[in-house]
Amino acid sequence: MAEQTVYKSKPSWKVIIIWIFSKLLLQMLIYGLFGYFIISRLEFEWFNSYVLLTIIGLVAIIFLYLIFLWKTYDYKVTNKGIYFKGGIIVKKQKFVPFFKVTNVEASQNIVEQILGINKIGFQTAGTGGQPKPEIVFEGLEDVEKPKKLVSFSL
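Its first residue numbered 1, the sequence shown is counted upward by one per residue in our numbering.
No lab work stands behind these hints: they were computed from the structure. Keep in mind that the hints are not guaranteed to be accurate.
What the hints assert, rightly or not - Below, computed lysine-lysine pairings styled on DSS-like, alpha-carbon distance capped at 27 Å:
#, residue 1, residue 2
1, 100, 85
2, 80, 94
3, 132, 100
4, 132, 145
5, 71, 23
6, 119, 80
7, 76, 23
8, 23, 119
9, 132, 23
10, 91, 76
11, 94, 147
12, 92, 148
13, 76, 94
14, 132, 14
15, 147, 76
16, 148, 8
17, 85, 148
18, 132, 148
19, 23, 100
20, 10, 148
21, 119, 85
Unchecked claim - Pair by pair, the computed Cβ-Cβ distance ranges are:
#, residue 1, residue 2, range
22, 99, 60, 42 to 48 Å
23, 116, 72, 21 to 27 Å
24, 61, 3, 34 to 40 Å
25, 62, 100, 33 to 39 Å
26, 111, 62, 48 to 54 Å
Cβ coordinates follow ideal geometry from the N, Cα and C atoms, glycine included.
With the hints as constraints, model all of the structure from the sequences given.
Structure below.
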């Protein structure tokens, strides 16, 4: 029997806001502001302007990277299993057949609740420790369809 796609999706553009909070904002606060305040103590006024422009430039580059990263994400559920594809610098392709899936978990943090998006994780039997999903579909506006498809196939 040939493999047929029963669900195909991409994350909502709103997931970029989540990534900004989780990736960009944290790095900017740690490296950017801390470095700026240390360097701003120096007596070179022209140097401070260049540092601020550099920080703004880095934030813009990271923001553009997140937009291009979002465009590469592709989620798919077939009659055989679950697929994830995405990435720019490190391209990832993952496949989990249905017989390996042990748990399907949908979740929302507070920012995701405000934005109206969800994330769904597909867990497999692990070797111990804290259970971690093998594949995560982030930024879904409708989480019920893939959840029902995968749960039905278990």
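How the hints compare with the structure:
1. 100 with 85: holds, 19 Å
2. 80 with 94: Roughly 13 Å between the alpha carbons, so the hint for residue 80 and residue 94 holds.
3. 132 with 100: Judged against 27 Å, a Cα distance of about 14 Å means the pair holds.
4. 132 with 145: holds, 22 Å
5. 71 with 23: With Cα atoms ~17 Å apart, residue 71 and residue 23 stay inside 27 Å; holds.
6. 119 with 80: holds, 21 Å
7. 76 with 23: At roughly 25 Å apart (the allowed maximum being 27 Å), residue 23 and residue 76 satisfy the hint.
8. 23 with 119: holds, 17 Å
9. 132 with 23: Answer holds: residue 132 to residue 23 is near 19 Å, not above 27 Å.
10. 91 with 76: holds, 16 Å
11. 94 with 147: holds, 18 Å
12. 92 with 148: The hint holds at about 25 Å.
13. 76 with 94: holds, 10 Å
14. 132 with 14: holds, 24 Å
15. 147 with 76: holds, 12 Å
16. 148 with 8: Distance of about 14 Å is within 27 Å: holds.
17. 85 with 148: holds, 21 Å
18. 132 with 148: holds, 20 Å
19. 23 with 100: violated, 30 Å
20. 10 with 148: Holds, at about 18 Å.
21. 119 with 85: holds, 16 Å
22. 99 with 60: 42 to 48 Å: holds, 45 Å
23. 116 with 72: 21 to 27 Å: Holds, since residue 116 and residue 72 (Cβ atoms, about 23 Å apart) stay within the stated range.
24. 61 with 3: 34 to 40 Å: holds, 39 Å
25. 62 with 100: 33 to 39 Å: About 35 Å separates the Cβ atoms of residue 62 and residue 100, which means 33 to 39 Å holds.
26. 111 with 62: 48 to 54 Å: violated, 18 Å
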